[in-house]
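There are 2 protein chains.
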Amino acid sequence: MEKKQKRDSEKTRAHILDVAFLEIYTHSFQAVSIDRIVSKTQVTKGAFFHHFPTKNDLGYTLADEYLRDMMQDRWIKPLRRFKDPLQGVLHCFKTNIVDMPDEFLGFGCPLNNLCQEMATVDPKFRDILASVLTMWIEETKRHLDRGKEAGYLKPETDTLALAEYIVTMQEGAFGISKTLRDRKVLQGLYESLKVYFELIKVK
Amino acid sequence: MEKKQKRDSEKTRAHILDVAFLEIYTHSFQAVSIDRIVSKTQVTKGAFFHHFPTKNDLGYTLADEYLRDMMQDRWIKPLRRFKDPLQGVLHCFKTNIVDMPDEFLGFGCPLNNLCQEMATVDPKFRDILASVLTMWIEETKRHLDRGKEAGYLKPETDTLALAEYIVTMQEGAFGISKTLRDRKVLQGLYESLKVYFELIKVK
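For the protein sequence lines, the chains are A and B, in the order given.
Position 20 of the first sequence, counted from 1, bears residue number 20 in the numbering used here, the numbering being contiguous throughout.
With the second sequence counted from 1, adding 1000 to any position gets you the numbering used here.
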């Protein structure tokens, strides 16, 4: 393939994923049709099927690439800026959850939504979602380990258990928010998490 | 209505709710048809429609009565047996989450599932689910208040924030379990919650 052709093809694929993400995030995976997604893109149905032969292929790619990158960008990469990873986790919790835009308060976390919707329905979907969730936990752990080595966390801290606890709390907060839509509750969860971290920190 | 007739009618209604609960819990609300539920009961379609004119009526009643009672039975009533409510919360977390039967490990919490599935789809459903979730938080708070008065919790404890944190953690654990299906993770969350409670307790 020519270089330009290849670049255009990659652009089309990325454009489809952008559109599909927002449609699925706001309407759920099962409720959204390929026709609906195609109608919101600038591409033909033929081009769509060239990239994603089935709706499931689209869903798998969305989870495996798009959501994996999003979790990295929103929850992992910002931790690099913090010498103390617990400060970094609190920063991410505030930015991504407590301060989320009003219009998304009832929509929850796109990864958690797909997990809740598809994990029991489709084993392949579940495997991909589990691998993204595991990556999120492992990468959080890696930063906690770095913090432990640098003396910010108590030496006896079980960083894997702590990373699992943090990710569970984050996904739980998104889940509760979908139903209660109450920012005060999210602020309270943030304060409680802060109290918890005080316990783990080396004074 | 005759007494016996009334009793039979109540029995039929309860039987339909029992069957509907299990079908919806294992297949989601939107995926289950009325025909499917009726075929698994001992009742006629006419009797079904007498009690629940629409599928939404069934869903609302399931959340408002059946799940409300279930949350009371599983998460609130057991707390009465514990002078220290934090011990009670840990007991419930262990019984209802860490030790849940293998076959349900991937199914999550029935209330959380309905919240995740229906809160963005149907405002009336959301209102009912929010009221059940709020009841769960308020009742947990009531037991924490009792424990605080009895001197088990530090006097400065914000019991509402703590109740919200506990319920979020429980729902988060169910959510994570649906995708990871790993009892070790649940055991780790239990240990982390225990560590947290050590901080709040009066020594």
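What the hints contain is simulated information worked out from the structure, not anything from laboratory work.
Just to be clear, a hint being listed does not mean it is correct.
List of simulated lysine to aspartate or glutamate pairs, DMTMM-like, C-alpha gap at most 25 Å [unchecked claim]:
1. K1184/B <-> D35/A
2. K77/A <-> E198/A
3. K194/A <-> E1023/B
4. K6/A <-> D69/A
5. K124/A <-> D1182/B
6. K124/A <-> E1023/B
The structure presented is a predicted model; accordingly, all values stated were derived computationally and were not measured.
Going through the hints against the structure:
Simply put, K1184/B and D35/A have alpha-carbon atoms about 42 Å apart, too far for the 25 Å limit, and the pair is violated. For the given pair, K77/A sits about 23 Å from E198/A by alpha-carbon distance, which is consistent with the 25 Å threshold. Note on K194/A and E1023/B: the hinted pairing is violated, with a Cα-Cα distance of about 40 Å set against a maximum of 25 Å. Taking the CA atoms of K6/A and D69/A, the gap is about 22 Å. The hint holds against a cut of 25 Å.
Only pairs whose Cα atoms come within 25 Å are accepted, and K124/A paired with D1182/B is accepted, the gap being roughly 17 Å. Distance hint between K124/A and E1023/B is fulfilled; the C-alpha atoms sit about 23 Å from each other, no more than 25 Å.
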